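Chemist: Spelled out from the first residue to the last, the chains are:
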Amino acid sequence: MKNILLLEDLPEIRSWLKALVMQVFPNAQIVECARVHDALAQVSAQKFDLALIDLGLPDGSGVDVVTALREAQAEALSVIVTIHDDDDHLFPALQAGAYGYILKEQSRELITEQLQRISQGEPPLSPSIARKVIAYFAAQAKPQANALPHVQLTERESEVLLRVAKGFTLPEIGVQLGLSRHTIADYVKQIYRKLNVSSRAEAALEAQRLGLFGRR
Amino acid sequence: MTVHAIEDQPRDHAGPRRRHWPLLTALLLLVFAAAAQAQTVRFTQAQAVAADTEYFPELPDVRNVELPDDWAVSRPDHGGPVWYRMYFDAEAVRASGELLALYIERACSAMAVRLNGKLVHLSGRLTEPVSRSCQRPQLVALPVAWMQPRNNQLDVKVMGFPLRQVASRQRAGGLSEIELGPYAALATKHSWRTLVAIRLPEVISGSLFLVGCLIFAMGWLNRAQSFLAYFGALLVGWALVLSRQWVADMPWPNASSEFLLAILASFVTLAAVQFLLRYGGERRRWIDVALPTQCAVMPLTLMVMGAQHLHAMATFWYVVLAVEVGAAAMFYLRKLWLYKRTQFWPMALLGFAMVIAALVEFGAQQFGVDPRIVSAAQILPPLLFVALGIRLVQQYGRQLQDAQHDRAELERRVQEASMQIERNFAQLADLKVEQVTQQERKRIAADLHDDLGAKLLTIVHTSDNERISTLAREALEEMRLSVRGLTGKAVPLLNALGDWRAEFVSRLSQAGVDGSWHAPADDDVPQLLSARAFVQTTRVLREAVSNIIKHSGASRCTVRCTIAEGDLQVVIQDNGKGIPLELDGRLDRGHGMASMKHRAKQLQGQCLVESGPGYGTVIRLTIPLDRHLASV
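Sequence lines, in order, name chains A and B.
Using our numbering, you'd call the opening residue of the first sequence number 1 and step up by one each time.
Using our numbering, you'd call the opening residue of the second sequence number 1 and step up by one each time.
Just chain A, with the same shape it has in the complex (with noise of 0.2 Å):
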């Protein structure tokens, strides 16, 4: 890791943040910013390994800088860090692209850990959000739904989905799947790749129906 975005409106909680990143990550580049704008500049400058986002701004949301980065840099790890733990909030960041969340008031070992996680690959995964996930995909299966050539769940990625909703730790589904942590992790981020491809897709879709493409 070494260019990190960090991008957050209240100072005290952006400086504590970065000496949070600086400890966990202490060889890496961090560029700060407060605005979504800035965010948005410092995306089309250069390039990014990490982005820590805030989802409520002052000039907009966090969601935006997750899509730009998204598209502009793909291999780009996008991390919501909000102190909205409702999925309302966290789901479009996560359908947008976002590769886990973290919630801020949270102790700073745990935070720690949670970015060390991250960032060797194995994103954090809530019983609620793996609900959402579910009834999203659910809903996609549905024959009505779209024409386009949507993106489905392995058989392997619903057992664990199921699990999670159901309170499983990760660690614990891998125990009981007898399937290693890493692999376990590995599913975890098909979920996110998976359900970002698929919001896309959908998203073009529905762009197109609207007639938002051909009008000019």
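Calculated directly from the structure, the hints in this document are not laboratory data.
Mixed in with the good hints there might be a few duds.
[Said to hold, decoys possible] For lysine to aspartate or glutamate, the following EDC-like pairs were computed, each having C-alpha atoms within a straight-line distance of at most 16 Å: (1) B/K455 / A/D9; (2) B/K489 / A/D86; (3) A/K47 / A/E32; (4) A/K166 / B/E503; (5) A/K47 / A/E75; (6) B/K442 / A/D86; (7) A/K166 / B/D499; (8) A/K132 / B/D499; (9) B/K442 / A/D88; (10) B/K455 / A/E12; (11) B/K442 / A/D87; (12) A/K166 / B/D523; (13) A/K166 / B/D522; (14) A/K18 / A/E32; (15) B/K442 / A/D85; (16) A/K166 / B/E474; (17) B/K489 / A/D87; (18) B/K455 / B/D430; (19) B/K489 / A/D88.
Computed from a predicted model, the values in this text were never measured in an experiment.
Chain A is already provided as a structure; the job is to place chain B on it using the hints.
Modeler: Frame of chain A, contents of chain B only:
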């Protein structure tokens, strides 16, 4: 001088009838005993000479003619005036002193009567504009004082017009038979004839005119039923045509009257054809143009041909117009046959009667038909018109009734619709209130997060004091749960169990405590948990787990969730050192036991804590589900 044509018996040359005659006479004598004395004399011959003089002229070309003298036959090119002279004896009458009279059924167009050279009667003007009294029977009282016993001279001067100058043969010059007899007997005959030939047409004309105007107005005001207007026009036109029977004196010459009567036919045709077409539900543009054009062309042709050829030209036009009306009638009847079979026969009968009337009229105009038949034929069409008019007005009335009924129906529906709209609007308003409330809650929640949340967060991460930092974190969690309780929807109990399990297991494993979680099978928990119950239960569980991690020193913790008798029961058991009692015998407040109990109470549940040093702690949380089930 000779006495001509003095007969006191009806002329009857039919052989077989003659044999019955005495019997019939006898019968008549019996029945009309009073009238038997009234002997009438019928003049069937007269001396005639054409001359426009004040008295019967002494001219060489006096000749004998048969009465009735139809000029169209006897002197085709001659107009008037023509003098007729008859003689009669009056000895008996003079002796009885009875009043004598002449009855002249037809003297066309006007006449003057002289008895022994003295003027006794004028039926109208003999010079232009000549009175038009062709149909009007004349009754002339003869003063006995001016009579001689024998050889009384009766001179009749008739002013008329040749056939070719009139539009109808009925108005070509001529003189009918003349009857001489007792005034009373002839007056009866005269009044009957007047009734049929003058009064009845007068009355019918007037009624037709009024009814026509009325129906025309109805059609005019209601353009969707334009056939009514045309029918009204037809009636008015017919009333005018019929007025030829009784209107005697016009301020213009006879030729003009004839001209007007002729062109009136084209107007009547227009009305009749349009009525038939439109009543049959048909409207053709070209007919709308053609018929008025015809009305203009017809007078032009008549004028071009001149007054001398009026009869020929008018006859030609009458045939054309009759064909047009006939065609329209056929068209109409065909439509009826195809679409309204029930109405076909009455209308066909009506049409047939009209054809008969038209044929009689045509015959009268061309060949001369018995005037009584003609009169009957003339009365027939107006009667049929009136019948048809009544039918039309009835239909109109029914349609009006239907329209009113429809309108009432429409009003009812509009009222229903508006009531429905009002109801919907009320529902919509309720929905809107609900929506606005939701939005407002969300706004408050967002504000709490953004302002209070951000500040608490800053305290959490910037405070050096661990206690303050922890307090701020707890406050933040409280705030978040409150917000969820404020905005949240009911949560399926199954989901709630999943959330609790994940938090429980991950927190305990982070703390190095061996946690085990037992929950009922998925199918056994279909219940919903209200947002408030979910939030409060989450807090109690969180507090319990915090206690175990911080204070108990336990190495193992078990949670059992069960559903029994509509209650959710959660038993949290650890193998720690237990909670120490305070001095007053109550459990340590620092462990948050009071707040856990308080929260349970708020949900009408309870929270029991069993603990003893060395025995670990058992917390039994009971939350009734019934009251929170589906309490969205």
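Chemist: Are the hints correct? Go through all of them and say.
Modeler: Do the hints match the structure? See the list:
1. B/K455 / A/D9: 13 Å, holds
2. B/K489 / A/D86: 12 Å, holds
3. A/K47 / A/E32: 14 Å, holds
4. A/K166 / B/E503: Status holds; Cα separation ~11 Å.
5. A/K47 / A/E75: 9 Å, holds
6. B/K442 / A/D86: 12 Å, holds
7. A/K166 / B/D499: 7 Å, holds
8. A/K132 / B/D499: 13 Å, holds
9. B/K442 / A/D88: At roughly 11 Å apart (the allowed maximum being 16 Å), A/D88 and B/K442 satisfy the hint.
10. B/K455 / A/E12: Judged against 16 Å, a Cα distance of about 10 Å means the pair holds.
11. B/K442 / A/D87: 14 Å, holds
12. A/K166 / B/D523: 13 Å, holds
13. A/K166 / B/D522: 9 Å, holds
14. A/K18 / A/E32: 8 Å, holds
15. B/K442 / A/D85: This hinted pair holds, its Cα atoms lying about 14 Å apart.
16. A/K166 / B/E474: 26 Å, violated
17. B/K489 / A/D87: Holds. B/K489 to A/D87 sits at ~13 Å (cutoff 16 Å).
18. B/K455 / B/D430: Status violated; Cα separation ~37 Å.
19. B/K489 / A/D88: Holds, at roughly 12 Å.
Violated hints for the displayed structure, listed by number in ascending order: 16, 18.
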